[in-house]
Amino acid sequence: MELRSFGAPTRIRLLAGVIALLVAALVVVLTVEAHRQRDGLRVIGGQAAPEVVATAELYFALNDMDAQLANVLLVGDDTTLGFTRAKALELYQQRRGQVSADLQQAAAAANDPVTAQRVRDLLDALGRYETLAARTLLLDEQHPHPAGDPPAAALAEYRQATDLLAGTLLPAARDLGDHHAAALAGTYQDQRGELLTVRAWLLVLGGLLLAALAVMQVYLARRFRRVLNAPLLAATVMVVTLAGGGVALGTSVAEHLRSAKRDAFDSILVLERARAVSYDANADESRYLADPERAGQYEAAFLGKTQQLVTLDGATLDAYDARLDAALQGYRRDQADVGWRGYLGTEFRNITFTRERAAAETAIARFQTYQRDDRHIRRLVRDGDRRAAIAFCTSYAPGDSNYAFDEYDKALVTLIDINQRAFDDRIAGGERELSPAAYAPAVIGVAALALLLLGLRRRLGEYR
60 MELRSFGAPT RIRLLAGVIA LLVAALVVVL TVEAHRQRDG LRVIGGQAAP EVVATAELYF
120 ALNDMDAQLA NVLLVGDDTT LGFTRAKALE LYQQRRGQVS ADLQQAAAAA NDPVTAQRVR
180 DLLDALGRYE TLAARTLLLD EQHPHPAGDP PAAALAEYRQ ATDLLAGTLL PAARDLGDHH
240 AAALAGTYQD QRGELLTVRA WLLVLGGLLL AALAVMQVYL ARRFRRVLNA PLLAATVMVV
300 TLAGGGVALG TSVAEHLRSA KRDAFDSILV LERARAVSYD ANADESRYLA DPERAGQYEA
360 AFLGKTQQLV TLDGATLDAY DARLDAALQG YRRDQADVGW RGYLGTEFRN ITFTRERAAA
420 ETAIARFQTY QRDDRHIRRL VRDGDRRAAI AFCTSYAPGD SNYAFDEYDK ALVTLIDINQ
480 RAFDDRIAGG ERELSPAAYA PAVIGVAALA LLLLGLRRRL GEYR
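For the sequence shown, counting from 1, position 259 maps to 318 in the numbering used here; every step adds exactly one.
Read the hints as simulated data drawn from the structure, not as lab findings.
One should not assume that every hint holds.
As the list claims (entries may be wrong) - Below 20 Å or equal to it, Euclidean Cα-Cα: the simulated SDA-like pairs (lysine to any residue) are:
(1) 469 <-> 458
(2) 469 <-> 424
(3) 469 <-> 457
(4) 146 <-> 197
(5) 146 <-> 95
(6) 146 <-> 193
It should be emphasised that the depicted structure is a prediction, and the values quoted were computed from it without experimental measurement.
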(Lines of atoms letter the chains of each structure in order from A; the text may use other names.)
(Lines give C-alpha, C1' and ligand atoms only; values in the text may rest on other atoms or scores of the structure.)
Protein backbone atom coordinates (compact mmCIF):
# COMPACT_ATOMS: atom_id res chain seq x y z
CA MET A 60 0.00 0.00 0.00
CA GLU A 61 1.38 3.41 -0.93
CA LEU A 62 1.95 6.11 1.68
CA ARG A 63 -0.49 8.45 -0.13
CA SER A 64 -3.28 5.99 0.60
CA PHE A 65 -2.86 6.61 4.35
CA GLY A 66 -4.76 9.38 6.05
CA ALA A 67 -2.95 12.46 7.40
CA PRO A 68 -2.78 11.23 11.04
CA THR A 69 -1.22 7.95 9.92
CA ARG A 70 1.31 9.74 7.74
CA ILE A 71 2.26 12.04 10.59
CA ARG A 72 2.62 9.12 13.00
CA LEU A 73 4.72 7.12 10.53
CA LEU A 74 7.02 10.04 9.87
CA ALA A 75 7.23 10.76 13.61
CA GLY A 76 8.17 7.12 14.19
CA VAL A 77 10.98 7.37 11.62
CA ILE A 78 12.25 10.54 13.30
CA ALA A 79 12.08 8.91 16.74
CA LEU A 80 14.05 5.88 15.48
CA LEU A 81 16.69 8.11 13.92
CA VAL A 82 16.99 10.17 17.11
CA ALA A 83 17.34 6.99 19.15
CA ALA A 84 20.01 5.68 16.74
CA LEU A 85 21.89 8.96 16.96
CA VAL A 86 21.78 8.91 20.76
CA VAL A 87 22.92 5.28 20.94
CA VAL A 88 25.80 5.81 18.50
CA LEU A 89 27.04 8.89 20.37
CA THR A 90 26.71 7.35 23.84
CA VAL A 91 28.26 3.99 22.99
CA GLU A 92 31.10 5.57 21.05
CA ALA A 93 31.84 8.04 23.84
CA HIS A 94 32.26 5.17 26.30
CA ARG A 95 34.41 3.20 23.86
CA GLN A 96 36.64 6.15 23.11
CA ARG A 97 37.10 6.96 26.80
CA ASP A 98 38.06 3.34 27.45
CA GLY A 99 40.46 3.46 24.51
CA LEU A 100 42.10 6.66 25.73
CA ARG A 101 42.52 5.11 29.17
CA VAL A 102 44.12 2.02 27.65
CA ILE A 103 46.55 4.14 25.62
CA GLY A 104 47.33 6.58 28.43
CA GLY A 105 47.22 4.25 31.41
CA GLN A 106 48.42 0.90 30.09
CA ALA A 107 49.89 0.73 26.59
CA ALA A 108 52.13 3.81 26.77
CA PRO A 109 53.48 3.05 30.29
CA GLU A 110 54.31 -0.50 29.16
CA VAL A 111 56.40 0.82 26.27
CA VAL A 112 58.21 3.30 28.54
CA ALA A 113 58.83 0.68 31.23
CA THR A 114 60.40 -1.66 28.67
CA ALA A 115 62.69 1.11 27.41
CA GLU A 116 63.72 1.84 30.99
CA LEU A 117 64.42 -1.88 31.46
CA TYR A 118 66.76 -1.74 28.46
CA PHE A 119 68.83 1.15 29.80
CA ALA A 120 68.86 -0.29 33.36
CA LEU A 121 70.28 -3.56 31.98
CA ASN A 122 72.99 -1.64 30.17
CA ASP A 123 73.96 0.44 33.16
CA MET A 124 74.00 -2.63 35.37
CA ASP A 125 76.54 -4.20 33.02
CA ALA A 126 78.49 -0.94 32.83
CA GLN A 127 78.81 -0.85 36.61
CA LEU A 128 79.97 -4.47 36.62
CA ALA A 129 82.68 -3.44 34.17
CA ASN A 130 83.53 -0.46 36.39
CA VAL A 131 84.05 -2.78 39.36
CA LEU A 132 86.73 -4.58 37.37
CA LEU A 133 88.05 -1.32 35.98
CA VAL A 134 88.74 0.66 39.15
CA GLY A 135 89.88 -2.23 41.32
CA ASP A 136 91.14 -1.23 44.76
CA ASP A 137 92.19 2.27 43.73
CA THR A 138 90.42 4.86 45.90
CA THR A 139 92.06 7.95 44.40
CA LEU A 140 90.27 8.03 41.04
CA GLY A 141 87.20 9.92 42.21
CA PHE A 142 85.11 6.80 41.63
CA THR A 143 85.48 3.63 43.71
CA ARG A 144 84.64 -0.04 43.54
CA ALA A 145 82.14 0.49 46.38
CA LYS A 146 80.32 3.17 44.38
CA ALA A 147 80.22 0.94 41.30
CA LEU A 148 78.76 -1.88 43.41
CA GLU A 149 76.16 0.47 44.87
CA LEU A 150 75.06 1.58 41.40
CA TYR A 151 75.08 -2.02 40.19
CA GLN A 152 72.70 -3.05 42.99
CA GLN A 153 70.42 -0.07 42.27
CA ARG A 154 70.13 -1.01 38.61
CA ARG A 155 69.68 -4.66 39.49
CA GLY A 156 66.74 -3.71 41.70
CA GLN A 157 65.29 -1.57 38.93
CA VAL A 158 65.59 -4.40 36.41
CA SER A 159 63.82 -6.79 38.81
CA ALA A 160 61.03 -4.27 39.44
CA ASP A 161 60.58 -3.61 35.72
CA LEU A 162 60.39 -7.33 34.95
CA GLN A 163 57.89 -7.91 37.76
CA GLN A 164 55.75 -5.12 36.33
CA ALA A 165 56.06 -6.62 32.85
CA ALA A 166 55.10 -10.07 34.17
CA ALA A 167 52.04 -8.66 35.97
CA ALA A 168 50.92 -6.81 32.82
CA ALA A 169 51.50 -9.76 30.46
CA ASN A 170 47.97 -10.49 29.22
CA ASP A 171 48.77 -12.39 26.04
CA PRO A 172 50.89 -15.50 25.32
CA VAL A 173 53.49 -13.64 23.25
CA THR A 174 54.22 -11.10 25.97
CA ALA A 175 54.22 -13.75 28.69
CA GLN A 176 56.77 -15.85 26.76
CA ARG A 177 59.02 -12.84 26.17
CA VAL A 178 58.96 -12.01 29.87
CA ARG A 179 59.80 -15.62 30.79
CA ASP A 180 62.73 -15.55 28.36
CA LEU A 181 63.97 -12.34 29.92
CA LEU A 182 63.69 -13.71 33.45
CA ASP A 183 65.54 -16.86 32.46
CA ALA A 184 68.35 -14.91 30.77
CA LEU A 185 68.56 -12.49 33.70
CA GLY A 186 69.02 -15.40 36.10
CA ARG A 187 71.93 -16.71 34.05
CA TYR A 188 73.43 -13.21 33.78
CA GLU A 189 73.23 -12.65 37.54
CA THR A 190 74.98 -15.98 38.14
CA LEU A 191 77.86 -14.92 35.89
CA ALA A 192 77.92 -11.45 37.48
CA ALA A 193 78.11 -12.97 40.97
CA ARG A 194 81.08 -15.11 39.92
CA THR A 195 82.75 -12.04 38.39
CA LEU A 196 82.36 -10.04 41.60
CA LEU A 197 83.55 -12.92 43.78
CA LEU A 198 86.69 -13.55 41.71
CA ASP A 199 87.42 -9.83 41.57
CA GLU A 200 87.09 -9.53 45.35
CA GLN A 201 89.34 -12.56 45.95
CA HIS A 202 92.15 -11.03 43.88
CA PRO A 203 92.78 -7.37 44.81
CA HIS A 204 94.25 -5.40 41.90
CA PRO A 205 95.09 -1.86 40.78
CA ALA A 206 92.92 0.11 38.37
CA GLY A 207 92.87 -1.27 34.84
CA ASP A 208 94.31 -4.69 35.71
CA PRO A 209 91.45 -7.06 36.58
CA PRO A 210 92.19 -10.73 37.29
CA ALA A 211 91.98 -12.93 34.22
CA ALA A 212 89.44 -15.30 35.79
CA ALA A 213 87.09 -12.45 36.71
CA LEU A 214 87.46 -10.92 33.24
CA ALA A 215 86.63 -14.27 31.63
CA GLU A 216 83.40 -14.51 33.64
CA TYR A 217 82.55 -10.91 32.79
CA ARG A 218 83.01 -11.58 29.09
CA GLN A 219 80.42 -14.36 29.31
CA ALA A 220 78.07 -12.06 31.21
CA THR A 221 78.34 -9.13 28.81
CA ASP A 222 78.06 -11.45 25.79
CA LEU A 223 74.87 -12.90 27.29
CA LEU A 224 73.59 -9.36 27.79
CA ALA A 225 74.34 -8.32 24.20
CA GLY A 226 73.27 -11.57 22.57
CA THR A 227 70.18 -12.51 24.58
CA LEU A 228 69.01 -10.06 27.25
CA LEU A 229 69.05 -6.85 25.24
CA PRO A 230 67.47 -8.38 22.10
CA ALA A 231 64.74 -9.90 24.29
CA ALA A 232 64.12 -6.54 25.98
CA ARG A 233 64.07 -4.84 22.57
CA ASP A 234 61.60 -7.40 21.21
CA LEU A 235 59.33 -6.88 24.21
CA GLY A 236 59.48 -3.12 23.69
CA ASP A 237 58.74 -3.47 19.98
CA HIS A 238 55.79 -5.71 20.78
CA HIS A 239 54.34 -3.14 23.20
CA ALA A 240 54.99 -0.29 20.75
CA ALA A 241 53.24 -2.20 17.96
CA ALA A 242 50.29 -2.89 20.26
CA LEU A 243 50.02 0.80 21.12
CA ALA A 244 50.23 1.78 17.45
CA GLY A 245 47.52 -0.75 16.63
CA THR A 246 45.26 0.57 19.38
CA TYR A 247 45.81 4.11 18.14
CA GLN A 248 44.98 3.17 14.55
CA ASP A 249 41.84 1.31 15.68
CA GLN A 250 40.69 4.24 17.82
CA ARG A 251 41.33 6.83 15.12
CA GLY A 252 39.75 4.69 12.40
CA GLU A 253 36.69 4.11 14.55
CA LEU A 254 36.37 7.84 15.25
CA LEU A 255 36.42 8.64 11.54
CA THR A 256 33.87 5.90 10.81
CA VAL A 257 31.51 7.08 13.56
CA ARG A 258 31.88 10.67 12.36
CA ALA A 259 30.69 9.54 8.93
CA TRP A 260 27.72 7.72 10.48
CA LEU A 261 26.82 10.81 12.47
CA LEU A 262 26.81 12.86 9.31
CA VAL A 263 24.52 10.30 7.63
CA LEU A 264 22.16 10.03 10.62
CA GLY A 265 22.14 13.78 11.09
CA GLY A 266 21.40 14.33 7.42
CA LEU A 267 18.55 11.80 7.43
CA LEU A 268 17.09 13.33 10.58
CA LEU A 269 17.29 16.83 9.18
CA ALA A 270 15.61 15.66 5.99
CA ALA A 271 12.84 13.84 7.92
CA LEU A 272 12.19 16.85 10.13
CA ALA A 273 12.14 19.15 7.09
CA VAL A 274 9.62 16.86 5.38
CA MET A 275 7.51 16.89 8.53
CA GLN A 276 7.68 20.68 8.78
CA VAL A 277 6.73 21.15 5.12
CA TYR A 278 3.92 18.58 5.34
CA LEU A 279 2.41 20.24 8.42
CA ALA A 280 2.72 23.68 6.88
CA ARG A 281 0.89 22.60 3.75
CA ARG A 282 -1.67 20.40 5.46
CA PHE A 283 -2.64 22.80 8.23
CA ARG A 284 -1.77 26.06 6.47
CA ARG A 285 0.63 27.20 9.15
CA VAL A 286 3.96 28.70 8.23
CA LEU A 287 5.98 27.22 11.09
CA ASN A 288 5.65 24.64 13.87
CA ALA A 289 7.75 26.18 16.67
CA PRO A 290 8.25 23.00 18.81
CA LEU A 291 9.24 21.07 15.69
CA LEU A 292 11.68 23.82 14.77
CA ALA A 293 13.19 23.67 18.28
CA ALA A 294 13.48 19.87 17.97
CA THR A 295 15.25 20.34 14.64
CA VAL A 296 17.72 22.76 16.22
CA MET A 297 18.38 20.22 18.99
CA VAL A 298 18.94 17.40 16.54
CA VAL A 299 21.28 19.50 14.42
CA THR A 300 23.14 20.49 17.60
CA LEU A 301 23.36 16.86 18.68
CA ALA A 302 24.63 15.56 15.34
CA GLY A 303 26.89 18.56 14.70
CA GLY A 304 28.22 18.44 18.24
CA GLY A 305 28.95 14.75 17.84
CA VAL A 306 30.86 15.37 14.61
CA ALA A 307 32.79 18.25 16.23
CA LEU A 308 33.50 16.12 19.30
CA GLY A 309 34.79 13.25 17.15
CA THR A 310 37.03 15.65 15.23
CA SER A 311 38.38 17.17 18.44
CA VAL A 312 39.01 13.82 20.13
CA ALA A 313 40.69 12.53 16.98
CA GLU A 314 43.01 15.55 17.11
CA HIS A 315 43.75 14.94 20.81
CA LEU A 316 44.54 11.33 19.94
CA ARG A 317 46.70 12.29 16.95
CA SER A 318 48.67 14.85 18.95
CA ALA A 319 49.10 12.45 21.89
CA LYS A 320 50.43 9.68 19.65
CA ARG A 321 52.35 11.45 16.89
CA ASP A 322 53.46 14.73 18.45
CA ALA A 323 54.11 13.48 21.98
CA PHE A 324 54.41 9.72 22.26
CA ASP A 325 56.43 9.19 19.09
CA SER A 326 58.98 11.57 20.61
CA ILE A 327 58.81 9.82 23.99
CA LEU A 328 59.45 6.47 22.33
CA VAL A 329 62.40 7.64 20.24
CA LEU A 330 63.93 9.51 23.20
CA GLU A 331 63.54 6.55 25.56
CA ARG A 332 65.29 4.42 22.96
CA ALA A 333 67.98 7.07 22.62
CA ARG A 334 68.49 7.00 26.37
CA ALA A 335 68.78 3.21 26.39
CA VAL A 336 71.30 3.21 23.52
CA SER A 337 73.23 6.02 25.23
CA TYR A 338 73.67 3.90 28.34
CA ASP A 339 74.79 1.02 26.15
CA ALA A 340 77.39 3.27 24.47
CA ASN A 341 78.57 4.54 27.84
CA ALA A 342 78.97 0.95 28.98
CA ASP A 343 81.10 0.27 25.90
CA GLU A 344 83.57 2.89 27.14
CA SER A 345 84.00 1.00 30.41
CA ARG A 346 84.27 -2.31 28.58
CA TYR A 347 86.85 -0.77 26.24
CA LEU A 348 89.04 0.16 29.21
CA ALA A 349 88.41 -2.96 31.29
CA ASP A 350 89.18 -5.48 28.54
CA PRO A 351 92.07 -4.33 26.27
CA GLU A 352 91.95 -7.54 24.24
CA ARG A 353 88.47 -6.59 23.06
CA ALA A 354 89.14 -2.86 22.83
CA GLY A 355 88.65 -2.77 19.06
CA GLN A 356 85.32 -4.60 19.32
CA TYR A 357 84.03 -2.21 21.99
CA GLU A 358 85.28 0.86 20.12
CA ALA A 359 83.38 -0.25 17.01
CA ALA A 360 80.30 -0.90 19.15
CA PHE A 361 80.55 2.60 20.64
CA LEU A 362 80.68 4.13 17.16
CA GLY A 363 77.72 2.08 16.00
CA LYS A 364 75.60 3.26 18.94
CA THR A 365 76.77 6.83 18.47
CA GLN A 366 75.55 6.61 14.88
CA GLN A 367 72.19 5.27 16.08
CA LEU A 368 71.83 8.37 18.23
CA VAL A 369 73.03 10.97 15.73
CA THR A 370 73.64 9.49 12.28
CA LEU A 371 76.33 11.17 10.19
CA ASP A 372 76.79 8.90 7.20
CA GLY A 373 80.30 7.52 6.82
CA ALA A 374 81.75 9.33 9.86
CA THR A 375 84.48 7.50 11.77
CA LEU A 376 85.29 8.31 15.40
CA ASP A 377 88.18 10.49 14.23
CA ALA A 378 85.95 12.47 11.85
CA TYR A 379 82.74 12.42 13.87
CA ASP A 380 83.29 15.52 16.02
CA ALA A 381 84.07 17.80 13.07
CA ARG A 382 81.12 16.42 11.10
CA LEU A 383 78.76 16.93 14.03
CA ASP A 384 80.03 20.46 14.60
CA ALA A 385 79.44 21.33 10.95
CA ALA A 386 75.92 19.88 11.07
CA LEU A 387 75.08 21.87 14.20
CA GLN A 388 76.41 25.08 12.67
CA GLY A 389 74.16 24.51 9.65
CA TYR A 390 71.20 23.97 11.97
CA ARG A 391 71.92 27.18 13.89
CA ARG A 392 71.82 29.12 10.63
CA ASP A 393 68.56 27.46 9.59
CA GLN A 394 66.52 25.36 12.01
CA ALA A 395 64.91 23.55 9.08
CA ASP A 396 68.37 22.22 8.16
CA VAL A 397 68.61 19.15 10.40
CA GLY A 398 71.73 17.61 8.90
CA TRP A 399 71.69 14.37 10.87
CA ARG A 400 69.42 11.39 11.30
CA GLY A 401 69.19 8.77 14.04
CA TYR A 402 67.08 9.00 17.18
CA LEU A 403 67.93 12.64 17.85
CA GLY A 404 67.37 13.47 14.21
CA THR A 405 63.87 12.01 14.46
CA GLU A 406 63.19 14.12 17.54
CA PHE A 407 64.38 17.33 15.86
CA ARG A 408 61.94 16.63 13.03
CA ASN A 409 59.04 16.25 15.48
CA ILE A 410 59.43 19.30 17.72
CA THR A 411 55.95 20.52 18.62
CA PHE A 412 55.60 21.80 22.18
CA THR A 413 56.65 24.85 24.15
CA ARG A 414 60.25 24.58 25.40
CA GLU A 415 60.79 21.37 23.40
CA ARG A 416 63.18 22.92 20.89
CA ALA A 417 65.33 24.54 23.58
CA ALA A 418 65.46 21.24 25.49
CA ALA A 419 66.39 19.31 22.33
CA GLU A 420 69.16 21.80 21.55
CA THR A 421 70.51 21.41 25.09
CA ALA A 422 70.47 17.63 24.75
CA ILE A 423 72.41 17.56 21.48
CA ALA A 424 74.92 20.16 22.76
CA ARG A 425 75.59 17.96 25.80
CA PHE A 426 75.80 14.92 23.55
CA GLN A 427 78.49 16.76 21.61
CA THR A 428 80.44 17.45 24.83
CA TYR A 429 80.18 13.81 25.87
CA GLN A 430 81.43 12.67 22.45
CA ARG A 431 84.46 14.95 22.69
CA ASP A 432 85.21 13.51 26.13
CA ASP A 433 85.14 10.03 24.62
CA ARG A 434 87.85 11.01 22.16
CA HIS A 435 89.94 12.33 25.06
CA ILE A 436 89.68 8.93 26.77
CA ARG A 437 90.92 7.15 23.66
CA ARG A 438 93.79 9.62 23.17
CA LEU A 439 94.92 8.97 26.74
CA VAL A 440 94.90 5.23 26.06
CA ARG A 441 96.88 5.67 22.85
CA ASP A 442 99.36 7.84 24.76
CA GLY A 443 99.86 5.04 27.29
CA ASP A 444 98.16 6.77 30.25
CA ARG A 445 95.47 4.20 31.02
CA ARG A 446 95.11 5.26 34.64
CA ALA A 447 94.29 8.83 33.59
CA ALA A 448 91.84 7.48 31.02
CA ILE A 449 90.12 5.37 33.68
CA ALA A 450 89.97 8.30 36.10
CA PHE A 451 88.52 10.63 33.45
CA CYS A 452 86.04 8.00 32.22
CA THR A 453 84.61 7.01 35.61
CA SER A 454 84.62 10.36 37.42
CA TYR A 455 81.46 12.37 37.99
CA ALA A 456 83.42 15.52 38.77
CA PRO A 457 82.57 18.55 36.57
CA GLY A 458 84.65 18.43 33.42
CA ASP A 459 85.04 14.64 33.45
CA SER A 460 83.34 12.11 31.19
CA ASN A 461 80.69 10.63 33.48
CA TYR A 462 79.71 14.13 34.54
CA ALA A 463 79.19 15.02 30.87
CA PHE A 464 77.19 11.84 30.30
CA ASP A 465 75.04 12.52 33.37
CA GLU A 466 74.31 16.06 32.14
CA TYR A 467 73.39 14.71 28.71
CA ASP A 468 71.14 12.10 30.31
CA LYS A 469 69.40 14.77 32.40
CA ALA A 470 68.76 16.76 29.22
CA LEU A 471 67.16 13.68 27.62
CA VAL A 472 65.00 13.18 30.70
CA THR A 473 63.89 16.83 30.56
CA LEU A 474 62.99 16.42 26.90
CA ILE A 475 61.07 13.22 27.65
CA ASP A 476 59.21 14.95 30.49
CA ILE A 477 58.07 17.78 28.20
CA ASN A 478 56.57 15.27 25.80
CA GLN A 479 55.18 13.12 28.61
CA ARG A 480 53.31 16.08 30.08
CA ALA A 481 51.96 16.94 26.63
CA PHE A 482 50.91 13.31 26.11
CA ASP A 483 49.13 13.22 29.48
CA ASP A 484 47.42 16.56 28.75
CA ARG A 485 46.15 15.35 25.36
CA ILE A 486 44.80 12.11 26.81
CA ALA A 487 43.18 13.93 29.74
CA GLY A 488 41.76 16.55 27.38
CA GLY A 489 40.16 13.88 25.23
CA GLU A 490 38.66 12.21 28.31
CA ARG A 491 37.30 15.53 29.60
CA GLU A 492 35.60 16.27 26.29
CA LEU A 493 34.08 12.81 26.17
CA SER A 494 32.72 12.90 29.73
CA PRO A 495 29.54 14.90 28.92
CA ALA A 496 28.85 12.57 26.00
CA ALA A 497 28.05 9.82 28.50
CA TYR A 498 24.72 11.51 29.35
CA ALA A 499 24.23 14.64 27.18
CA PRO A 500 23.06 12.82 23.99
CA ALA A 501 20.31 11.02 25.92
CA VAL A 502 19.15 14.27 27.57
CA ILE A 503 19.11 16.16 24.26
CA GLY A 504 17.46 13.24 22.47
CA VAL A 505 14.64 12.98 25.03
CA ALA A 506 14.14 16.75 24.88
CA ALA A 507 13.98 16.66 21.07
CA LEU A 508 11.42 13.83 21.14
CA ALA A 509 9.36 15.70 23.74
CA LEU A 510 9.32 18.77 21.50
CA LEU A 511 8.37 16.59 18.54
CA LEU A 512 5.46 15.15 20.53
CA LEU A 513 4.42 18.62 21.64
CA GLY A 514 4.52 19.95 18.10
CA LEU A 515 2.41 17.08 16.75
CA ARG A 516 -0.09 16.67 19.56
CA ARG A 517 -2.24 19.69 18.61
CA ARG A 518 -2.18 18.77 14.94
CA LEU A 519 -3.25 15.21 15.65
CA GLY A 520 -5.87 16.48 18.08
CA GLU A 521 -7.65 18.22 15.28
CA TYR A 522 -8.65 14.77 13.91
CA ARG A 523 -10.35 13.62 17.07
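Task: Enumerated hints in conflict with the structure, sorted upward - done: Hint 5 alone not satisfied by this model.
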